[in-house]
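Once you've looked at the hints, dock chain B against the given chain A.
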Amino acid sequence: MTREKVFNGVQGIFRDIFDEDDLMISDTTSSDEIEDWDSLNHINLVSAIEKEFEIRFSLGELMTLKDVGAMVDLMLEKIK
Amino acid sequence: MNEYKFSDIKVGLTESFDTKIDISMMDKFLDISNDTNPLHIDENYAKKQGFANRVVYGLLTSSFYSTLVGVYLPGKYCILQGIDIQFSNPVYIDDMLNISGKVIYINEAYKQIEIKAVITNQDNKKVSKATIKVGVMDE
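Here the protein sequences line up with chains A and B, keeping their order.
Its first residue numbered 1, the first sequence is counted upward by one per residue in our numbering.
Its first residue numbered 1, the second sequence is counted upward by one per residue in our numbering.
One chain only, chain A, in its complex shape (with noise of 0.2 Å):
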């Protein structure tokens, strides 16, 4: 799977959480951009991409990512 591929399912997932049609979201989009990423949204996020992506983290490799675009490069190689 491409990285654009990846990138606009995320995407389309925080515009389903954050209930915005229109959200963009960048690489280096964090969680200080967005006013509704709580810590419970943060949860819906990660829920959400585990379930479209089949794919599973663990709380160490959450910790670790800064912003969007870590977060895809994670699953990039995860899903490799």
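Because the hints were derived from the structure by calculation, they are not lab data.
Nothing here was measured: the structure is a model prediction, and the numbers come from that model.
Cβ atoms here follow ideal geometry from the backbone N, Cα and C, with glycine treated the same way.
Check before you lean on any hint, since a few could be wrong.
As the list claims (entries may be wrong) - Here are the simulated DSSO-like cross-link-like pairs (lysine-lysine), alpha carbons at most 27 Å apart as the crow flies:
(1) B/Lys48 with B/Lys116
(2) B/Lys10 with A/Lys51
(3) B/Lys76 with B/Lys28
(4) B/Lys116 with B/Lys129
(5) B/Lys125 with B/Lys28
(6) A/Lys51 with B/Lys102
(7) B/Lys102 with B/Lys20
(8) A/Lys78 with B/Lys111
(9) B/Lys126 with B/Lys116
(10) B/Lys116 with B/Lys76
(11) B/Lys5 with A/Lys51
(12) B/Lys10 with A/Lys78
(13) B/Lys129 with A/Lys51
(14) A/Lys51 with B/Lys116
(15) B/Lys5 with B/Lys111
(16) B/Lys47 with B/Lys20
(17) A/Lys5 with A/Lys66
(18) B/Lys102 with B/Lys126
(19) B/Lys111 with A/Lys66
(20) B/Lys5 with B/Lys116
(21) B/Lys10 with B/Lys76
(22) B/Lys10 with B/Lys126
(23) B/Lys125 with B/Lys102
(24) B/Lys111 with B/Lys48
(25) B/Lys126 with B/Lys47
(26) B/Lys111 with A/Lys51
(27) A/Lys80 with B/Lys111
Stated by the list, open to error - Sample of chain B residues lacking proximity to chain A, with all beta carbon distances greater than 12 Å (derived):
(28) Ser7
(29) Thr14
(30) Ile21
(31) Asp35
(32) Thr36
(33) Lys47
(34) Ser62
(35) Asp95
(36) Lys129
Unchecked claim - Quick list of simulated restraints, FRET-style, between CB atoms:
(37) A/Asp32 with B/Asn124: 48 to 54 Å
(38) A/Met1 with B/Glu3: 40 to 46 Å
(39) A/Lys51 with B/Gln86: 40 to 46 Å
(40) A/Thr64 with B/Asp42: 58 to 64 Å
Relative to the frame of chain A, chain B by itself:
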């Protein structure tokens, strides 16, 4: 009360219980919520609207989703984090309800589980369904 710990929970784990809706529940819910919509408190109005009798509050029946997770699945170590409910049929006083839930997903990193839950009446008709997200606390 069940005391499932996170490590005990597997996808497919199912729990259920039965309860009967009585008139005192309606009175208590009215007292708490102050929801005076006539559909719930006026039999004649409800019948005029095409219902068999006054309709039990949807959020009264949904309160049993709280019981499902807080008492049965996982029980003691539950912390309710989200619930999405859809209503499909009316509930009436004296209806016998079965509330059941099945674990459909486990988020290992954050110790959250998702439960697909359904409430059916004495005729086995689905009155509502819900997707419930709960955290499972440590002992």
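Outcome of the hint check:
no.	hint	verdict
1	B/Lys48 with B/Lys116	violated (34 Å)
2	B/Lys10 with A/Lys51	holds (16 Å)
3	B/Lys76 with B/Lys28	holds (25 Å)
4	B/Lys116 with B/Lys129	holds (8 Å)
5	B/Lys125 with B/Lys28	holds (25 Å)
6	A/Lys51 with B/Lys102	holds (17 Å)
7	B/Lys102 with B/Lys20	holds (21 Å)
8	A/Lys78 with B/Lys111	holds (20 Å)
9	B/Lys126 with B/Lys116	holds (13 Å)
10	B/Lys116 with B/Lys76	holds (19 Å)
11	B/Lys5 with A/Lys51	holds (23 Å)
12	B/Lys10 with A/Lys78	holds (23 Å)
13	B/Lys129 with A/Lys51	holds (20 Å)
14	A/Lys51 with B/Lys116	holds (15 Å)
15	B/Lys5 with B/Lys111	holds (10 Å)
16	B/Lys47 with B/Lys20	holds (22 Å)
17	A/Lys5 with A/Lys66	holds (21 Å)
18	B/Lys102 with B/Lys126	holds (15 Å)
19	B/Lys111 with A/Lys66	holds (21 Å)
20	B/Lys5 with B/Lys116	holds (19 Å)
21	B/Lys10 with B/Lys76	holds (17 Å)
22	B/Lys10 with B/Lys126	holds (25 Å)
23	B/Lys125 with B/Lys102	holds (18 Å)
24	B/Lys111 with B/Lys48	violated (48 Å)
25	B/Lys126 with B/Lys47	holds (21 Å)
26	B/Lys111 with A/Lys51	holds (15 Å)
27	A/Lys80 with B/Lys111	holds (26 Å)
28	Ser7	holds (15 Å)
29	Thr14	holds (20 Å)
30	Ile21	holds (31 Å)
31	Asp35	holds (26 Å)
32	Thr36	holds (31 Å)
33	Lys47	holds (38 Å)
34	Ser62	holds (20 Å)
35	Asp95	holds (33 Å)
36	Lys129	holds (18 Å)
37	A/Asp32 with B/Asn124: 48 to 54 Å	holds (50 Å)
38	A/Met1 with B/Glu3: 40 to 46 Å	holds (41 Å)
39	A/Lys51 with B/Gln86: 40 to 46 Å	violated (19 Å)
40	A/Thr64 with B/Asp42: 58 to 64 Å	holds (59 Å)
Hints 1, 24 and 39 from the list above are not met by this structure, while the remaining hints are.
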